[in-house]
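Number of protein chains: 2
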Amino acid sequence: MDKKSIADPKGRSRPRVKIEDVAREANVSPATVSRVLNHPGIVRPELRDKVMRFITDLSYTPDSAARALKSGRMRTIGAIVPTLGLGIFAESVEALQNRLSESGYTLFIANSQYDQRRELQEMQSLIERGIDGIVLVGGSHGRELRTLVEQTGVPVITTYVSKAGGGIPAIGIDNERATREMTEFLLGLGHVRFGAIANILPSNDRSRARLDGIQRALSEAGIRLQPTQVIRADHSLAQGRKALRQLLTDHPATTAVICTTDTLAIGAMTEARKMGLSVPRAVSITGFDDVELAAQVDPPLTTISIPAAEIGRGAADYLISAIAGRPVPKSVLLPYRLVVRSSTTSPPKADRLPKRPR
Amino acid sequence: MDKKSIADPKGRSRPRVKIEDVAREANVSPATVSRVLNHPGIVRPELRDKVMRFITDLSYTPDSAARALKSGRMRTIGAIVPTLGLGIFAESVEALQNRLSESGYTLFIANSQYDQRRELQEMQSLIERGIDGIVLVGGSHGRELRTLVEQTGVPVITTYVSKAGGGIPAIGIDNERATREMTEFLLGLGHVRFGAIANILPSNDRSRARLDGIQRALSEAGIRLQPTQVIRADHSLAQGRKALRQLLTDHPATTAVICTTDTLAIGAMTEARKMGLSVPRAVSITGFDDVELAAQVDPPLTTISIPAAEIGRGAADYLISAIAGRPVPKSVLLPYRLVVRSSTTSPPKADRLPKRPR
DNA sequence: TTGTAAGCGTTATCAC
DNA sequence: GTGATAACGCTTACAA
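For the protein sequence lines, the chains are A and B, in the order given. The numbering used here applies: residue 52 is where the first sequence begins, and numbers increase by one. The numbering used here applies: residue 52 is where the second sequence begins, and numbers increase by one.
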């Protein structure tokens, strides 16, 4: 019951110092102390300095609950990511958090486990907590979430994609364009027998877009990917391995395998080697994300590098502006980068001309 | 200025529904509504149900700021981790978050970048926000942080270690014992020429303890590790590679390399292969953490598996109990597990007997 | 068991 | 430019 007290060195607890205490010591009104803190410009410099001294002397810190109650702002941002276990999300979240704390905001983090129902729940819980803004990942979110956003008017931004449904602004890359470029790169190398490994989930529109990019580039080149040339997999190394084995069992002539994430690609490379296939000589493999490991595996992985930290910072800046009522862009398109390493090369000579094996 | 309002479908904004609105509709006093929410047991069942109906009908949600102001509890926990980029932390944090949200708590996450000053700053900022409890990683935290904890009386628990300084309770494993066991395992295999790769930082007592365990087991076996047999490295694959190269350049006869994390070990394995050394035939390499990748690399890595999710859940349970004033354990020791895979074997015959090369 | 009313610590609208 | 004062929405003695 000794609400908001501070235990002093001897264990006794004294009450938290409040604005009134500072006011009394400094011989001013609480209102002035509040002004010193919130609108320093409108108070006489000498008085302001004096008050400031007492604030630091008494080590007064405003009660955030009272402040929030009065002002309606919690100075708090929420982020809902599919999982923290992916280095790529972690990097954005760290950048987001760092940028926010520079501006006096604190970050709530929730994870949805790639489940739209959980995402909605977490969103509701954040809104109930009076969150000032929300960061989401990807553009597929279900109608309920979108109406929740509209009804509450909370500023929301979605990340890793270049556009999201329902008028939600986005910051990220053009996933489809990126894999299209990757595919064109492989086509340029002379590949004609492709396979794709994708972690498709209803809530994962990044992967969906990446797969679309592959198929689009291929069909523009007159190549149609059969259903069995596209393997769905959960996002893990083990699934990447399994997917590659299945793909090469069904289509042994495949010379290029495009994966929608590095994790899948690295799993696929491991399995290829285990099957006695040299990468890239027998089969070229590509990833997406450019995680730390991608450059370190053997052979180093050809992949798409995405500006994860920049996405986090950009999301922070967007929300801070939106909350302050400043004008904000509809969405922000960031550049990705095709990083060519050693997991890709031209196909074995015999395969360069489409010579269908019987 | 339309504080806490909700934009209705047409864009007009109506005020947030509050406890008084529910009370009026239900023909009861605000106090009753509050009681229904906070102490359902003490209100007559029929009345309670009736009020509940209005609460859901009006979709009333208590204002958390007002609630916090009045009750002194924010229903919020903070976690300060060195970095989110490590899968092993991410796993604990997710488990922590999931357990907390089951109990109506929300999680603030901050990252310290392995910097004690930043950790202190984040801690202060969390405390100013009226956080109810804090999760830390590791046991080395600087005096200032410890006095802050004592003075404010905020419940704190530290994770991944079995004991922390300054009377802060801990939940985790015995890092030193784990590497001692690992070292004894390698000794049992017949190794006598060891090397260690450790990511030592002042703030990282886990690594310190792990290194101590190695040295202790070795010295009990009559083997002394020379300074050049212990390579310090930052925590990255690239540094693991570099460290291995240096170690084997200075001590080419080394047959066993113990690393304090899987990341370092995997980097070391990559480099060993590049140097033309077979793992484990020429050199055995071990890790620590048992990340997903450890089982997937070639050869699969012998390592120590730590119960990351359990640490997260345990930390949540601890804090929830502590906040509720229930009795809590001084600290919790969790079991680790030595996972023997294929990156370790007996040393080449010639090396089994300590036969010093000139 | 339920209602009344007094704050919780702050900010903002008034006067001065 | 500064000082009273009235909320902000809720919880909890205390009274009924």
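No lab work stands behind these hints: they were computed from the structure. Just so you know, not all the hints are guaranteed correct.
Just so you know, same-sequence chains aren't split out, so a pair can sit in one copy or run between any two.
What the hints assert, rightly or not - Below 30 Å or equal to it, Euclidean Cα-Cα: the simulated BS3-like pairs (lysine-lysine) are: (1) K214 to K293; (2) K400 to K293; (3) K400 to K381; (4) K381 to K101; (5) K101 to K69; (6) K400 to K325; (7) K121 to K69; (8) K121 to K293.
We went through each hint and held it up to the structure:
1. When the C-alpha separation of K214 and K293 is checked against a cutoff of 30 Å, the pair qualifies neither within a copy, at 32 Å, nor between copies, at 42 Å.
2. In the homo-oligomer, the alpha carbons of K400 and K293 lie at most 30 Å apart inside one protomer (27 Å), although the nearest pairing across protomers, at 37 Å, exceeds that limit.
3. Within a single copy, K400 and K381 get their C-alpha atoms no closer than 48 Å, and across copies no closer than 68 Å, so neither meets the 30 Å cut-off.
4. Taking identical chains as interchangeable, the C-alpha atoms of K381 and K101 are never at most 30 Å apart, the minima being 45 Å within one chain and 45 Å between chains.
5. In this assembly of identical chains, K101 and K69 lie within 30 Å of each other by CA distance solely inside one copy; the values are 17 Å within and 40 Å between copies.
6. In this assembly of identical chains, K400 and K325 lie within 30 Å of each other by CA distance both inside one copy and across copies; the values are 23 Å within and 28 Å between.
7. For the homomeric pair K121 and K69, the shortest alpha-carbon distances inside one copy (15 Å) and between copies (15 Å) are both at most 30 Å.
8. For the homomeric pair K121 and K293, neither the shortest alpha-carbon distance inside one copy (57 Å) nor that between copies (56 Å) is at most 30 Å.
Of the numbered hints given earlier, the model fails hints 1, 3, 4 and 8; all others are met.
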